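Undergrad: Can you build the whole structure from these sequences, using the hints too?
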Amino acid sequence: MTSYTKEEVLLQARYLNLAFDGKWVLRNINFCIRDIVRPGIQQGQVVSLIGRSGIGKTQLFRILSGLQRPDSGTVEISQKPVVAPSAGEAGAVIAGSMRAVQAGDMGVIFQNYYQFKWRTVHQSLRLAARQNKSLWGVEEDAIKHYLDRFDLQDVLHLYPQQLSGGQQQRVSIIQQLLKGSDFLLLDEPFSGLDVCVLDKVVELLLQVSLSDERKTLIIVSHDIATAVAISDTVFILAKENGQAGSTIVKEIDLIERGLAWEKNVREQKAFADTIGEIKACL
Amino acid sequence: MFKPFENISKRNAGIMIAIQALTVLLCWQFSAKGLIPQPLTIGEALGHLLTTKLLLDNILVSLLLTLKALLYSVLITLFFAYLSVIPFFRPVAQFVVKCRYLTLTGLIFIFTLLTTDGSQLKLSLLVFGIVPFFTTSFLSVIVNIPRQELELCQTLGYGRWQSLYEVIIVGKADQVFEIVRQNFAIAWMMITMVEGLSMSEGGIGVLLIKYNKYNDLTNVLALQLVIFGLGLCFDYILGAMRKWLFPYTRF
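Keeping their order, the protein sequence lines are chains L and P. Residue 282 is where the first sequence ends in our numbering, and the numbering goes up by one at each step. Residue 251 is where the second sequence ends in our numbering, and the numbering goes up by one at each step.
Treat the hints with care, since some could be wrong.
To be verified - Over the 12 Å line for every Cβ pair with chain L, so calculated as not near, a few chain P residues:
no., residue
1, Thr41
2, Lys68
3, Ser119
4, Arg147
5, Gln154
6, Tyr158
7, Tyr248
Stated by the list, open to error - Computed cross-link-like contacts, BS3-like style, restricted to lysine-lysine with a CA-CA straight-line distance of at most 25 Å:
no., chain 1, residue 1, chain 2, residue 2
8, P, Lys243, P, Lys68
9, P, Lys172, L, Lys117
10, P, Lys53, P, Lys172
11, L, Lys117, P, Lys210
12, L, Lys144, L, Lys200
13, L, Lys200, L, Lys239
Claimed, not checked - To spell it out: a stretch of chain L is covered by chain P in this simulated footprint if at least three of its residues, at any positions, have a beta carbon under 8 Å from a beta carbon of chain P; those stretches are:
no., segment
14, 7 to 14
15, 126 to 140
16, 154 to 168
17, 171 to 182
Keep in mind the hints are simulated off the structure, nothing from the lab. These numbers come from a predicted model, not from an experiment. Even glycine gets a Cβ: it sits at the ideal position worked out from N, Cα and C.
TA: See below:
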């Protein structure tokens, strides 16, 4: 198995509760995402939140992105890069380095890849790049870099309505990458995609995750197989023992099972076993 | 052609409209009696009107007044509409919307006292008449802004003022043209009324009042045709301008 350590806490959700009209939607949600460090490899994190349709995934997505406040509980993110603790201290939360998430902290890719319909791709990307202080003065270079990487050079002066679904998704991802957030939240990125496009999207997301050590992709999905194939950690959102409201019923460390960062992961027995295990939890 | 939701080609639609119009005109031509003029007589009157300087001068007066009123109305509407997203100013915008229930006739004397000449009186009455309708339309655009537009701003880290600029001022600029286009008819309707209040400057409304006074129905209907044509022209021009200025509205 590839050697790795889980170090600094990048995101921590504590005791999240959300109710609508007196009905619990989310209850007592707790989970934590840590920086996975692999010697000699720049490796971000890919985490999936899996749950059935209507279980409250989108509400959790909105809370994580800072667009919605929970009734109680907090979502905290690592404020800035800190000196990584030594191996012996791996897993220790560094006090004072966390702060509550706010709208704008996370890069958010909505399910329908929404873009301003009055802006061309170039204008949208430029606006996003301007939000990123580290890109001031080199916005155009950064845009060109991403467009080349994501094979979108030809759509620069088109409007979102003129793009295909796949192109819109890639533009949304580039936009949020240019904005410069360490976190990228994706709501159902695999839904409605045909097999060929699906493979491309998976490859694209893996590419993004490898772009920076701290880059963390949080995928909210009901597509179990694809989510498991791409992730290093899976959290299962489901109802527990007939109680109202969904909660995280299980965390699966796919690295421990040898299912992360592997190309032909779908062919492994452990993959099928994991899918079965997740299905049993839903 | 007679089935619900049936699609027909542009050519067929054109032929269909031409036949319908011709049928109406023929029925009118052969059924008109007494004081009601026949279409051919109206056509002749229109031809004669179009060759006179009188019509052109009066049209120009009315058009200038309408355009001035539209410009002021748009500026005032945008001012109130943009302010409406700030809770403190929302009641003011909502009051302006409710002002559409006021009749201009009851306010003429007040406006006469507030203005210095006939030209100002006409302009201010027109603006007062148009603004509530424009504001109503634009506020409904603002109220119906998809939540995702504002959320995208939030996820991009925009502040509230930056979101206002992006989503409402830039993002809804094309809607201003659409609102002007949709409400142009209101301005055009009001102009004939306000021009009657101060007739010295002329205008298409003054012409209409004069022809009406002498029961010259042929010229009244010929003028109505001119007004109708001008309305259609404006509708087309504003639509074309919107597409040209905001190319994304084509898709």
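Undergrad: Look at each hint and say if it fits the structure.
TA: Structure-based check of all given hints:
no.: 1; hint: Thr41; result: 50 Å, holds
no.: 2; hint: Lys68; result: 29 Å, holds
no.: 3; hint: Ser119; result: 38 Å, holds
no.: 4; hint: Arg147; result: 9 Å, violated
no.: 5; hint: Gln154; result: 4 Å, violated
no.: 6; hint: Tyr158; result: 8 Å, violated
no.: 7; hint: Tyr248; result: 5 Å, violated
no.: 8; hint: Lys243(P) / Lys68(P); result: 23 Å, holds
no.: 9; hint: Lys172(P) / Lys117(L); result: 10 Å, holds
no.: 10; hint: Lys53(P) / Lys172(P); result: 41 Å, violated
no.: 11; hint: Lys117(L) / Lys210(P); result: 50 Å, violated
no.: 12; hint: Lys144(L) / Lys200(L); result: 20 Å, holds
no.: 13; hint: Lys200(L) / Lys239(L); result: 33 Å, violated
no.: 14; hint: 7 to 14; result: violated (count 0)
no.: 15; hint: 126 to 140; result: holds (count 3)
no.: 16; hint: 154 to 168; result: holds (count 3)
no.: 17; hint: 171 to 182; result: holds (count 3)
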